[in-house]
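These protein sequence lines are chains A and B, in that order. Residues 1 to 107 (the numbering used here) are what the first sequence spells out, left to right. Residues 1 to 418 (the numbering used here) are what the second sequence spells out, left to right.
Derived from the structure by calculation, the hints contain no laboratory data. Heads up, a few of these hints could be off.
[To be verified] The calculated label-pair distances, taken between Cβ atoms and stated as ranges, are:
no.	chain 1	residue 1	chain 2	residue 2	range
1	A	T64	B	G204	53 to 59 Å
2	B	L125	A	E9	24 to 30 Å
3	B	G184	A	E56	54 to 60 Å
4	A	E16	B	S29	36 to 42 Å
5	B	T123	A	E9	45 to 51 Å
6	B	R183	A	E16	55 to 61 Å
7	B	S29	A	E9	45 to 51 Å
8	B	R128	A	A23	45 to 51 Å
9	A	P58	B	K312	20 to 26 Å
10	B	V130	A	A23	21 to 27 Å
11	A	A23	B	D416	19 to 25 Å
12	B	D64	A	G80	54 to 60 Å
13	B	T42	A	D38	29 to 35 Å
14	A	E16	B	D185	39 to 45 Å
[To be verified] No more than 20 Å apart at the CA atoms, straight line, and that leaves these computed lysine to aspartate or glutamate pairs for DMTMM-like:
no.	chain 1	residue 1	chain 2	residue 2
15	B	K120	A	E44
16	A	K52	B	D231
17	B	K387	B	E220
18	A	K52	A	E78
19	A	K33	B	D67
20	B	K289	B	E394
21	B	K69	A	D38
22	B	K52	B	D231
23	B	K312	B	D374
24	A	K29	A	E16
25	A	K29	A	D54
26	B	K252	B	E127
27	B	K182	B	D231
28	B	K69	A	E26
29	B	K69	A	E16
30	B	K69	A	D21
31	A	K66	A	E26
32	B	K288	B	E324
33	A	K66	A	D21
34	B	K69	A	E78
35	B	K69	A	E44
36	B	K288	B	E220
37	B	K69	A	E24
38	B	K210	A	D21
39	B	K58	B	E220
40	B	K52	B	E179
Beta carbons: idealized from backbone N, C-alpha and C, even for Gly.
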Amino acid sequence: MSKELDFKELQQLAAEILGVDAAEVELDKSFAKDLAADSLDLVELIAAVEDKYDVELPEERLETMKRIGDLWTFLEEEQGGGPRGGSAEHGREGGRAPSTQAKKQEV
Amino acid sequence: MSTSNGVRVAVTGMGFVTPIGHDTETVWSNLIEGVSGVGPITRFDTSQHSAKIAAEVKNFDAADYMDRKTARNIGRFCQFALAASKMAVEQSGLVPADMDPDDVGVIVSTAIGGMEEIEKNQTILLERGVRRVSPFTVPMMIPDMGSGIVAMHLKAGGPNYSVVSACASSAHGIGEAAEIIKRGDAIAMIAGGTEATITPLTLGAFCQIKAVSERNDEPEKACRPFDIGRDGFVMGEGAVMLVLEEYDHARKRGARILGEIVGYGASADMYHYVAPHPEGAGAARAMKKALQRAGIQPEQVGYINAHGTSTKVGDIAETKAIKEVFGEHAGKLAISSTKSVHAHLLGGAGAIEAAATMLAIGRGMLPPTINLDDQDPECDLDYVPNKARKADVEYALSNSFGFGGHNATLVIRRPDPN
């Protein structure tokens with residue numbers, strides 16, 4: 001995976017699969033509580049993300065996917081070979097590669 | 001005398017997603033005018049298939065009837081069922097969410113289930129591996145899911161399952177739903193059938209048993225029950241759902257009653273996987289039982305909506321069965337196969353034909369068997385050829401027979417004039 005990450009693309013993909021508006025797909029949104037995504041939705045979303053970004057989410061990471069930000073962090077790690085920090089830009093604005101490291105919360 | 005317990009079952013709503021329209025008036029007009037819903041298949045490449053025609057549901061956007069996510073995550077047969085159920089319940093005026101959850105049940109019948117989704121995911125499995133198989137494959141393929149989806153969306157918490165008996169599925173389903181009301185297990189039942197199997201494998205499999213018409217150059221003339229030139233059935237798709245309701249409950253709330261389900265008979269051929277009993281013995285027993293349950297004499301029946309699939313063996317066996325049950329009266333009956341117009345909805349066939357029967361006797365106009373140009377001499381009854389006919393009919397039968405030798409007959413009564 002070498003292409004620069006664009007959060008807008010992930011927003012659109014998640015919106016299509018979860019049946020929500022792209023604007024609702026924000027880093028701190030919980031799959032279950034905010035986006036009404038059940039485990040089936042999540043499996044489908046992850047399969048689509050794996051296809052789109054040519055990555056593979058390890059089985060054990062699946063359990064940790066609680067928020068959009070968790071998925072984004074995973075993609076950042078895959079791209080950069082490890083977690084990145086820095087930008088505080090908010091995903092809803094469609095900025096490139098906003099970090100989620102500071103935004104992780106309990107679900 | 002009737003062997004039924006005296007509880008009457010009215011029909012107070014009908015919903016349609018069919019090859020001949022998605023509302024009662026369009027469906028009715030096409031039935032009466034004999035406007036065929038059959039055309040070339042557009043849903044997949046038929047270059048390998050000997051049959052290249054079917055009656056597809058056209059101009060259907062699931063998002064018109066449900067949220068985007070539901071539309072995406074349920075099978076096509078469930079989309080049809082949910083849309084048709086919503087229309088039926090709306091017409092009935094019932095609001096299941098405002099009733100006791102046990103009061104309204106659902107039986108959506110289908111012969112096969114989510115075949116398109118099975119085929120699609122089988123292809124994914126072979127081409128891309130198991131990790132790309134949709135997590136929605138199971139709920140999209142299991143044939144009971146229509147009943148589950150309708151209950152979830154319409155908040156109907158009563159008896160809920162599906163009845164599977166191939167092409168008799170929804171006739172059995174409607175019959176069983178009526179029995180549920182009669183025995184007091186629900187006040188109303190949302191009941192009917194759905195099918196969405198115009199797919200490469202399903203059609204290919206039917207081609208392999210030489211059951212489907214190959215009149216590819218004249219699609220609208222391909223389904224020709226009781227005609228000597230017939231060469232098999234034509235596959236259709238779609239859903240028709242009815243709201244069945246305890247008669248007094250419907251009357252008390254001032255609902256418009258569209259008809260009554262007064263009798264139901266079910267039987268087995270005990271003969272062959274796909275061929276009907278040559279004398280129609282099982283079919284005859286189903287009709288007799290249904291008449292007995294209704295408490296009426298054969299002479300009181302004025303119309304039969306035949307199973308009439310446009311296969312030689314089926315049409316002849318049904319004709320023999322009708323003669324066996326009705327004797328001399330068989331020659332005075334009006335019989336038509338509306339499959340000639342809407343084609344064979346498989347698991348949805350019993351429901352669309354029950355609805356057509358109810359509309360026909362309620363409106364005093366019998367839909368024709370179209371394409372009946374040269375009647376098979378072995379089918380020597382009155383099949384209402386090619387042209388609708390006015391008729392004053394109080395009781396009618398709707399016959400449905402399925403592969404496996406399953407037979408179901410419904411007796412339908414027109415609504416009381418007062």
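Hints versus structure:
Range check, T64/A to G204/B: about 44 Å between beta-carbon atoms, so the 53 to 59 Å window is missed. For L125/B and E9/A, the Cβ-Cβ distance of about 27 Å falls inside the hinted range of 24 to 30 Å, so the restraint holds. In this structure, G184/B and E56/A meet the distance hint of 54 to 60 Å, their C-beta atoms being roughly 56 Å apart. Evaluation of the 36 to 42 Å hint for E16/A and S29/B yields a pass: the beta carbon distance comes to about 38 Å.
Against the hinted window of 45 to 51 Å, the Cβ-Cβ separation of T123/B and E9/A comes to about 26 Å, which falls outside the hint. Restraint check, R183/B to E16/A: a C-beta distance of roughly 46 Å breaks the suggested window 55 to 61 Å. The hint said 45 to 51 Å for the Cβ distance between S29/B and E9/A, and at roughly 48 Å that hint holds. Here the CB-CB span from R128/B to A23/A is close to 32 Å, at odds with the stated 45 to 51 Å.
The hinted range of 20 to 26 Å is not satisfied by P58/A and K312/B, whose Cβ atoms lie roughly 60 Å apart. Here the CB-CB span from V130/B to A23/A is close to 34 Å, at odds with the stated 21 to 27 Å. The given range of 19 to 25 Å is broken by A23/A and D416/B, whose C-beta atoms sit roughly 55 Å from each other. Taken as a hint, the range 54 to 60 Å is violated for the pair D64/B and G80/A, whose Cβ atoms sit roughly 44 Å apart.
One distance hint, 29 to 35 Å for the beta-carbon pair T42/B and D38/A, holds here, with the actual separation near 33 Å. Between E16/A and D185/B the beta carbons are some 42 Å apart, a value that agrees with the proposed interval 39 to 45 Å. For the hint linking K120/B to E44/A, the alpha-carbon distance of about 15 Å falls within 20 Å, and the restraint holds. Simply put, K52/A and D231/B have alpha-carbon atoms about 48 Å apart, too far for the 20 Å limit, and the pair is violated.
Under the criterion of a C-alpha separation no larger than 20 Å, the hint pairing K387/B with E220/B is consistent with the structure, at around 15 Å. Annotation: proposed proximity of K52/A to E78/A holds, straight-line Cα distance about 13 Å (limit 20 Å). A threshold of 20 Å between alpha carbons decides the hint, and for K33/A with D67/B the separation of about 18 Å falls inside it, so the pair holds. Of the supplied pair hints, the one linking K289/B and E394/B holds, its CA atoms being roughly 19 Å apart against a limit of 20 Å.
Annotation: proposed proximity of K69/B to D38/A holds, straight-line Cα distance about 12 Å (limit 20 Å). Annotation: proposed proximity of K52/B to D231/B holds, straight-line Cα distance about 14 Å (limit 20 Å). Between K312/B and D374/B the alpha-carbon distance is near 13 Å, which keeps this suggested pair within the 20 Å criterion. Restraint check for K29/A and E16/A: satisfied, since their Cα atoms lie roughly 16 Å apart, inside the 20 Å limit.
As the CA atoms of K29/A and D54/A are separated by approximately 24 Å, the hinted pair breaks the 20 Å bound. Proximity of K252/B to E127/B is assessed by CA-CA distance (about 59 Å); at most 20 Å being required, the pair is judged violated. This hinted pair does not check out: K182/B and D231/B have alpha carbons roughly 41 Å apart, beyond 20 Å. Restraint check for K69/B and E26/A: the C-alpha separation of about 18 Å stays at or below 20 Å, so the hint holds.
The straight-line distance between the Cα atoms of K69/B and E16/A is roughly 8 Å, inside the 20 Å bound, and the hint therefore holds. Among the hinted pairs, K69/B with D21/A is consistent with the structure: their alpha-carbon atoms are about 11 Å apart, no more than 20 Å. A threshold of 20 Å between alpha carbons decides the hint, and for K66/A with E26/A the separation of about 12 Å falls inside it, so the pair holds. In summary, the hint linking K288/B to E324/B is supported, as the alpha carbons are separated by about 10 Å, within the 20 Å threshold.
For the hint pairing K66/A with D21/A, the CA-to-CA distance comes to about 19 Å; that is within 20 Å, so the pair holds. With a CA separation close to 29 Å, the supplied pair K69/B and E78/A exceeds the 20 Å bound. At roughly 12 Å between alpha-carbon atoms, K69/B and E44/A fall within 20 Å of each other, so this suggested pair holds. Straight-line distance between C-alpha atoms of K288/B and E220/B comes to about 34 Å, which puts the hinted pair past the 20 Å bound.
With a C-alpha separation of about 14 Å, the suggested pair K69/B and E24/A falls inside the 20 Å cut-off, and the hint holds. Note on K210/B and D21/A: the hinted pairing is violated, with a Cα-Cα distance of about 48 Å set against a maximum of 20 Å. For the suggested pair K58/B and E220/B, the alpha carbons sit about 15 Å apart, so the restraint of at most 20 Å is met. Restraint check: the Cα-Cα separation between K52/B and E179/B comes to about 40 Å, which exceeds 20 Å; the hinted pair is violated.
The structure fails hints 1, 5, 6, 8, 9, 10, 11, 12, 16, 25, 26, 27, 34, 36, 38 and 40 (numbered hints given earlier, in ascending order).
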